[in-house]
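Undergrad: Residue-level listing of the chains:
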Amino acid sequence: MEQYALEMRNITKTFPGVKALDNVNLQVKPHQIHALVGENGAGKSTLMNVLSGVYPHGSYEGDIVIDGQVCAFKNIKESEAKGIAIIHQELALIPQLSIAENVFLGNEQTDFGPVISWDKTRIKTMEMMKKVGLHESIDTRINDLGMGKQQLVEIIKALAKDVKLLILDEPTAALNDDDSKHLLELLFELKQQGITSIIISHKLNEVTKVADAITILRDGKTIETLIKGVDEITEARIIKGMVGRELVDRFPKRSHAIGEICFEVKNWSAYDSKDESKLVLKNISINTRRGEVVGIAGLMGAGRTEFAMSVFGKSFGKRIEGTIIKDGKEIHIKNVKDAIRHGIAYTTEDRKSAGLILIDNIKRNISLTAFHKISKGIVIDENKEIKAAEDFREKLRIKSPSILQRTGNLSGGNQQKVVFSKWIFSDPDVLILDEPTRGIDVGAKYEIYSVINDLTAAGKTIIMISSELPEILGMCDRVYVMNEGRIVGELNVEEASQENIMHCIMQSNQEGYNE
Amino acid sequence: MNKKGSFLKGNIRQYVMVIALAVVIILFQFLTHGVLLKPLNISNLISQNAYILILAVGMLLCILTGGNVDLSVGSVAGFVGAISATMMLKMNIPIFPTIVVSLILGFLIGCWQGFWIAYVGVPAFIATLAGMLIFRGLTLVVLKGTSLAPLPAGYTFMASGFLPEIGKMGNLNILAIAVGIIASILYVLKELNDRKNKRKYGFEVSSYKTFVPQVLGILLIINAFTYSLASYKGIPMVLVIVIVLVLIYSFITMKTIPGRHIYAYGGNMKAAQLSGVNTKRVMFWVYANMGLLAALAGVIFTGRLNSATPKSGVNFELDAIAACFIGGASTSGGVGTVVGAMVGGLLMGVLNNGMSIMGISIDWQQAIKGFVLLGAVAFDVYSKSKSK
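Heads up: the protein sequence lines correspond to chains A and B, in order.
Under our numbering, the first residue of the first sequence is numbered 1, with each subsequent residue one higher.
Under our numbering, the first residue of the second sequence is numbered 1, with each subsequent residue one higher.
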C-alpha cells in the first residue's frame, strides 16, 4: 500500500444548519504539490481548518492520518508540532516589525529562559532568506515590502518551524505575474527539499502548471482527484468539476454596437500623494466609447489604480494636471462628490477595506452613493431606500436572507455585487472597475461579467483594470497597456494577446532603460 | 421570523440596557422604600442629570465617527459658565444676550477643535485633551480662582425652572397632564402613519396583536410620567430641552443624510470617502456641534448651581463618555444611538440618585459606576464574539 504524507478520511463537519464538509477524502503523496480547488463556499478553507486544528478533534467526524499515524489535534500548536503550517490569504505579519522579528514571532530563539538571542535569530533568518531567494536586509520592516516579498516572509516563518506540510491559501491572489512565478518556482524547490505543499487557488492556469495532483471540492464533497500524468488536466475539466456543469464560455457574449466617444482623459499627470517630487502618472491620454469595455492591463505598480483614483475626484495624487472631457465637454472634478455628480463611478480593488462598510447592512451600503435619489432635502425616505435595495438584490441576484444582512457576512462574490449595486445606484455613465473579480470564484465571476455586459448594453462605458490577462482579453473591446505610470500601448481585442501585452511592457522597460 | 430574529439580535444590546434600566429603577424603588419614584425625586433626577444627557448626545456623534471622544467638554462647560456669569455680574449684560453669546462661544470653541482634528489631522484624543487643559486654565483665569454668585433668576430658569402653570386641577398641574395626552396622540398618529407607509410600499407590518399592546405600554409610561410631574411642580424646563434635543438628534442620526454620513465615516472611513462623503467636513461639524452642546450644558449646570466656580464641569466628559458606551455605542465607531446614550446616562443617574437616597457615600458610588461601565462593555464584547 502506498504511503501518503497526509490522508484525510471521510471528514464530515457540520455547523448549525449546514453540512460544510460531507465525507471528504483527501490523499496527498509526499514531496508533491497538491492543489485544492473549488468555488467559494465549497469547503476548502473549512477542510484546512480541520487539518490545522482550528476546529479541534471531536468537533468533526473522520480521521486525519499523517505518515500512517492517526492524529487528533486539539489546537493549532499541536498541528504545528507535526510540521503542518498554514499560510492564510490575509497574511499574519506585524507590519511594524522587521523581517527577522516576524519570522521568529511566537517561536523565539533563546539562549536561556525568556531572553531572546538576536544573534541566532538573525543568522537563521539570513540562511532561510537565501534559501527562498529573498534579497532584503533582515531589518527591513514588513511595511516596506511588497506583497510578493511579504508572502516569502510568511514562507520563511513556516520553514523556521520545521514545516513538513505547507498549506497556502490563495498565495498568488494579490501578487503580480512576476512575483507569482517566483513563488511557484519556490514551491518546486521546496518540493525537491522534501516539503509537501497543498495550495488552494482560484487561478486555474497556475494550478494546472504546478500541481502534481488536484482535488476538486464542490458543496462540501470531494468530486474527484486528478493526477498529473494519469488524468488529462485542463482548465475546462477542472471548471466542469467545480461548478458541476460545463461552462461553455467563461465570458458571456456581448452583441451590441459600440457608440461614439463619450469619455476622454487627456495629458493626465500627477505626483505621488506622499512624495510630491515623484511623478507617478506621466501624460496619460485615454478615451472610451459608449457601450465599450476598455481594459487597462499592466503589472502591479504600473500606476493603474493611482490613475483611476486620481481621475475619480482626485482621490490620489498631488499637483494633478490634465483634462477630462465627457460627452464633448470639459468637466472639472475637484472631489469624489463632483465625480459622482458627473456620472463617474469607481469600484475599488479592495472591497473589504475601501469598498464596503462591512458593519453596515446591504441597504445602507447601496444608498450611500446617491442619497439625493431617495431623500427630500436632507431627510431620507427609508421606504424608498428599502425598495431600491430590494430591486438590486433581485436584479443582481445577491444571495442573502434579506437586505438587512451585514455585508461583512456575505461571500466575496456577493459583496462585489453589493459594490456594483451601490455604484449602479448612482446612475453613472462611466464605470471604472478596479480588479472587479479578484478573489471571486468562477461562477460568481460569470455573473459579474454578465452585469458588466448589461451595463454596456445600456450605453454605459466601462474602464476595467485587471491583473488577470485572460479576463482582459475575454471581456474588453480595447486594451490600454500601462507601465511605470504611462500608457505604453493600445490594442484592439482582435490583435491583443498575452504575448502582445507583455511585449508592450517589456519594450517600454527597454526604452526606459535606454533613456 | 428570520427577519425578526436578526433584527432582535442587532438591537439586543439596546433592549438589554432598557431592561437593565427598568430593573435598576424597580430595585431602587424597593431599596429606597418608594422615595425614588416620588414626584419630587423624579423632578430632581431630571435636573440632576440633564447636563450629562445633553453632553452625551454630542459625545455620541463623536464616538460614532470611530470611537473618538471629546475630553474637553467638561472644561468647555465650565469656561462657558464662567464667561456667562462674568458677563451678567461684572458687565451687567442682560440675560438673553448672555445666553446667546455663551452658546455662540461654545460653537466657536467646537469649530476651533474641529479645525485641528478634521483639517490639520491632530488625533481627536490629543486635540481635546489640549482643549481640556486650555479651557480649564482659561476658566481659572476668567474667575480669578473664585466663584461668582448668585446669578439672576432668569438665567437659572433653564436649569431649575418649570413650565408656567395654566391652572390646577386638584393638586395636578393641568399643563403637564395636557402635554402627556398630546404626546400620546402624536405618538399614536406617528405609529399609524409609519404602518400606512410601510403598507404602501408592500412591506410587512407587525400584527395588531403585538402592535396594540406595544403602543398601550408606551402610552402608559408617558402618562404615568407626566402624571407624576403634574403632582409636583409640573414640567421642568430642562426636561423640555433634553427631549427636544433627543428628538432632533435622533432624527438627524437616523433619518438624514448627514446622519448617515457620520455612521458611514465610523463604519469605514476609506469606503465613505470613496463614496462621496466629505469626511473632513463630517468630523469638523461633529466637533463644532459638540462645542455648542457643551456650552448649553455649561449654561444649565451653572444655572443649577446658581454660581460659576473654577471646578464646575470637572469629569463631566467621563460621565458623558460612559453614558454612550453603556448605551451601546461601539468603541470602534459606526454603532450607537442617541436614545441608547440617554438610556446609558439615565442608568447612571438612577444609580447615583438611588444610592444617594440610601445614604451610600460618593466614593462608593464612583466605584459602582465603574463596575457598571466595565460590565456593560464586557457584555457587549462577549455578545459580539458569540454572534460571529
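Certain hints may be false.
Unchecked claim - Below 27 angstroms or equal to it, Euclidean Cα-Cα: the simulated DSS-like pairs (lysine-lysine) are:
1. B:200 x A:399
2. B:369 x A:384
3. A:337 x B:255
Honestly, the hints are just simulated from the structure, not real lab data.
Undergrad: Work down the list of hints and note, for each, if the structure agrees.
TA: For each hint, the structure was consulted:
A threshold of 27 angstroms between alpha carbons decides the hint, and for residue 200 of chain B with residue 399 of chain A the separation of about 26 angstroms falls inside it, so the pair holds. In summary, the hint linking residue 369 of chain B to residue 384 of chain A is not supported, as the alpha carbons are separated by about 43 angstroms, beyond the 27 angstroms threshold. Note on residue 337 of chain A and residue 255 of chain B: the hinted pairing holds, with a Cα-Cα distance of about 21 angstroms set against a maximum of 27 angstroms.
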